[in-house]
Every structure is written in structure tokens, then in C-alpha cells.
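Q: Sequence:
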Amino acid sequence: MLMATRIQENFPLQRADVFSHPTQDDYERAKDKAHQLLRTILPESAWSELEEKGVIQLPGKRGTYVISPYSQTEIRDCFSGRCVAYACLQLSIPAPTYDRMVAEYLLIKNAEDVYWKTANIFSRSGNEFGIATLFLIAFDIALFVNLLLEVLTVR
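Position one of the sequence shown corresponds to residue 0 (numbering that gives the first Met the number 0), numbered consecutively onward.
There could be a bad hint or two in this list.
[Unchecked claim] Lysine-lysine pairs mimicking BS3-like chemistry, simulated, CA-CA at most 30 Å apart:
id	residue 1	residue 2
1	K108	K30
2	K108	K52
3	K32	K108
4	K116	K60
5	K30	K52
6	K32	K116
7	K32	K52
8	K108	K60
9	K30	K116
10	K116	K52
[To be verified] Here are the computed distance ranges between Cβ atoms for each label pair:
id	residue 1	residue 2	range
11	L36	S70	18 to 24 Å
12	A141	K52	38 to 44 Å
13	C82	N109	43 to 49 Å
14	D76	V144	25 to 31 Å
15	L36	G80	25 to 31 Å
16	N109	E50	22 to 28 Å
17	D24	I136	23 to 29 Å
18	D139	P42	41 to 47 Å
19	E43	P68	14 to 20 Å
20	G80	D139	29 to 35 Å
Since the hints were derived computationally from the structure, they do not count as laboratory data. A quick note: this is a predicted structure, and the numbers were derived from the prediction, not measured. Just so you know, even glycine gets a beta-carbon here, dropped at the ideal spot from N, CA and C.
Use the sequences and the hints to build the structure in full.
A: So this is what it looks like as C-alpha cells:
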């Protein structure tokens with residue numbers, strides 16, 4: 000009984016020591032292992048696509064998913080190929096990007112409905128230019144015209 004209590008008391012300290020401050024080497028090892036895991040679960044064609052294009056395209060019931068290591072997953076219309084939404088899957092712990100790709104690939108492939116309940120899905124609106132973007136474009140044009148007038152009046 001005393002031993003069980005002692006182990007229970009020490010467990011939080013042991014856990015804190017293990018997860019406290021990962022080094023760069025720890026991160027690189029985790030990244031390499033995640034990359035290897037991704038390699039083992041992907042079919043050869045998907046792995047080749049990742050190596051060549053930097054993305055994995057995975058057809059699903061609700062669309063074609065474009066999983067990227069460096070950006071949010073795009074959800075494309077099956078017929079037109081147009082991007083209709085973006086998905087963001089947040090892991091509950093800090094992990095290499097390839098771990099997120101593994102999780103997304105397996106969820107979409109095996110439990111697409113669960114993926115839609117788990118990931119944050121953002122619909123892409125047809126109007127990509129917000130009012131702020133239009134003001135910035137107008138401001139850039141005004142600056143360009145001003146520059147042209149300055150150059151032409153100097154000569």
C-alpha cells in the first residue's frame with residue numbers, strides 16, 4: 000500500500016520531467032518519425048504526389064481534400080475542383096506537422112464524418128476581396144499615380 004502511494008505521488012514529477020523542455024534534437028527525431036509514419040500509411044501514388052507537389056489529394060464523400068504540411072487543408076468540389084472550404088485540425092499536443100497530416104489522412108479516409116465534427120471547417124465565400132482589401136488596392140493605385148506624377152514633373 001505504501002509503495003502504491005509513493006508511485007502515485009511521484010508520477011506528476013516524472014511526467015513533468017519527461018515533457019518539460021524538448022530539445023531541438025527531440026523535435027527533429029519526432030519530425031523524422033512522423034515523416035516515416037506518414038510514408039508507411041500512404042499508398043505509393045499519394046507518397047509520390049507529396050514528394051513532387053508537396054500535398055496529398057484525397058477524394059472523399061464530401062469533396063477532395065488537399066492536405067498540405069504548411070497550410071490549412073483545402074476542401075475542393077469533386078466536380079469543378081474549386082476550393083469550397085478550408086479545414087483546420089488542431090492536435091491536442093504540440094507535434095510535428097507530419098503527425099497532423101497522418102491524423103487528417105486517417106480520419107478522412109476512415110471516418111470522414113468524424114473529421115467534419117472534429118476539424119474546424121471554414122466555408123470559402125465567393126467574395127474573396129473584403130472591404131479592407133479593396134481600400135488597400137485603391138491606396139496602392141493612388142500611391143502609384145502619385146509616384147508617376149512626381150517622376151514626370153521632375154523631367
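Q: All hints, please: hold or fail.
A: Evaluation of the provided hints:
1. K108 to K30: holds, 22 Å
2. K108 to K52: holds, 20 Å
3. K32 to K108: holds, 21 Å
4. K116 to K60: Status holds; Cα separation ~15 Å.
5. K30 to K52: holds, 20 Å
6. K32 to K116: With Cα atoms ~28 Å apart, K32 and K116 stay inside 30 Å; holds.
7. K32 to K52: OK: K32 and K52 at ~21 Å, within 30 Å.
8. K108 to K60: holds, 10 Å
9. K30 to K116: Holds: K30 and K116 sit about 27 Å apart, inside 30 Å.
10. K116 to K52: Satisfied, since the Cα-Cα distance of roughly 28 Å is no more than 30 Å.
11. L36 to S70: 18 to 24 Å: Holds, at about 21 Å.
12. A141 to K52: 38 to 44 Å: holds, 39 Å
13. C82 to N109: 43 to 49 Å: About 24 Å separates the Cβ atoms of C82 and N109, which means 43 to 49 Å is violated.
14. D76 to V144: 25 to 31 Å: violated, 39 Å
15. L36 to G80: 25 to 31 Å: 29 Å Cβ-Cβ, so the 25 to 31 Å window holds.
16. N109 to E50: 22 to 28 Å: holds, 23 Å
17. D24 to I136: 23 to 29 Å: Taking Cβ atoms as reference, D24 and I136 lie about 46 Å apart, which means the hint is violated.
18. D139 to P42: 41 to 47 Å: About 46 Å separates the Cβ atoms of D139 and P42, which means 41 to 47 Å holds.
19. E43 to P68: 14 to 20 Å: For P68 against E43, whose Cβ atoms are near 19 Å apart, the range 14 to 20 Å holds.
20. G80 to D139: 29 to 35 Å: holds, 31 Å
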